[in-house]
Amino acid sequence: MKRSSIRVASVPNSHVYVRHIAPLMPEETNVIRLPDPVPAGGPVDPGVWWPPRMFDPQWISAHHAEFDVFHIHFGFDDVSPEVMRDVIHELRSRGKPIVYTLHDLRNPHHREPGAHEEILDILVPEADEIITLTPGAAERIRERWARTATVLPHPHVVPPQWFHRRPTDSPQFTVGVHAKSARANCDPLTVAQALVEIAGSYDDVVIQINVHDDIFDRSSHGYDPDLGRALRTLGSHRRARLIEHRRFSDEQLWAYLQGLSVSVLPYRFGTHSGWLEACHDLGTAVLAPSCGFYGQQQECFEFDLDEDHFDAETLAAALKTAHDTPTPAPSWSQRLSQRQWLAQQHSAIYSRCLDA
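In case it helps, our numbering puts the sequence shown at residues 1 to 356.
Since the hints were made in silico from the structure, they are not lab data.
None of the values given here were measured: they were computed from a predicted structure.
Idealized CB from N, CA, C, for every residue including glycine.
A few of these clues could be false.
Derived pair list, reagent style SDA-like, types lysine to any residue, alpha-carbon separation capped at 25 Å [as the list claims (entries may be wrong)]:
1. K180 / W275
2. K96 / G114
3. K96 / Y202
4. K180 / D226
5. K180 / E251
Ranges between beta-carbon positions, derived for each pair [as the list claims (entries may be wrong)]:
6. S61 / S249: 30 to 40 Å
7. L24 / S249: 14 to 24 Å
8. E139 / A356: 20 to 30 Å
9. E313 / S249: 44 to 54 Å
10. H89 / D169: 50 to 60 Å
11. P159 / A317: 16 to 26 Å
12. D169 / R246: 22 to 32 Å
13. Q161 / P328: 52 to 62 Å
14. H63 / R229: 28 to 38 Å
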């Protein structure tokens with residue numbers, strides 16, 4: 001049944017993925033998403049959603065009349081199994097269907113998988129509808145929980161105007177490794193060390209290593225001075241350069257990615273990647289690890305890397321292929337059409353939940 005409007009409590013609403021599964025013009029959909037509640041004790045800056053207040057049974061009790069469907073994406077990193085069960089119970093007692101988009105089979109911020117898997121063991125069986133991004137992830141969901149997930153691709157990440165800013169040709173082939181703030185699933189040093197050696201086989205390849213400057217800040221979650229010093233040493237190599245900087249704004253990030261010939265994902269574990277999607281939007285090639293389902297998410301050049309294994313020869317082969325292969329970029333019209341289609345698919349899934 002086609003409904004005039006469907007009110008959705010998306011957790012969160014302001015994340016770029018969630019914003020881009022809605023059409024560009026609000027009047028083109030019957031889905032209305034609630035704004036993110038201001039975090040308890042948090043600032044009131046636009047776009048602030050962490051930690052999500054919607055993962056609170058009391059919030060659901062107080063606001064249940066304001067939404068029809070509860071859609072979970074991110075934000076439960078620190079939610080205990082007990083609280084998640086209470087959230088599910090409160091939603092059930094209010095007759096609210098639950099949609100869960102499984103982005104991560106393995107949480108990239110957790111060194112050990114146990115806590116995330118415990119929450120998945122609650123969410124996946126309980127959800128009325130499950131969405132994921134790749135066939136491989138859907139197969140894992142079927143194998144582990146005997147649930148069928150709807151596979152919907154990741155929407156565009158960068159804004160429309162960036163699709164018209166194609167980089168100019170450069171005599172250098174710049175290979176980027178971004179250490180970010182030493183996230184749990186990243187091993188930038190191992191990958192960058194291998195790339196610096198591989199770069200010696202080329203006349204035009206330079207390895208650009210970026211790292212957030214909070215790696216040297218004792219008060220920061222990303223504090224890792226040993227890694228910082230090792231990256232500084234590596235950055236002194238004639239085929240490398242190290243850039244230390246504050247976290248990029250979105251505009252700075254798009255400019256950084258578009259200035260690369262290749263972006264290398266140094267992930268030991270993971271499932272899907274918004275970074276990969278942004279590179280695809282910008283026409284930047286990606287070297288992606290064999291863990292997860294990055295190669296199913298978007299076209300990329302894979303090399304062997306996971307928690308137990310790294311093969312530098314496959315990294316060299318992937319770089320050679322990327323070096324010799326032009327990387328096409330999608331047009332904004334292609335990504336816009338996909339976004340409109342994704343909005344329709346989500347509306348249909350919400351309607352199916354409510355009609356069940």
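Status of each hint after checking the structure:
no., hint, verdict
1, K180 / W275, "12 Å, holds"
2, K96 / G114, "28 Å, violated"
3, K96 / Y202, "58 Å, violated"
4, K180 / D226, "15 Å, holds"
5, K180 / E251, "16 Å, holds"
6, S61 / S249: 30 to 40 Å, "37 Å, holds"
7, L24 / S249: 14 to 24 Å, "22 Å, holds"
8, E139 / A356: 20 to 30 Å, "24 Å, holds"
9, E313 / S249: 44 to 54 Å, "37 Å, violated"
10, H89 / D169: 50 to 60 Å, "59 Å, holds"
11, P159 / A317: 16 to 26 Å, "34 Å, violated"
12, D169 / R246: 22 to 32 Å, "30 Å, holds"
13, Q161 / P328: 52 to 62 Å, "19 Å, violated"
14, H63 / R229: 28 to 38 Å, "49 Å, violated"
Hints 2, 3, 9, 11, 13 and 14 from the earlier list are contradicted by this structure; the remaining hints agree with it.
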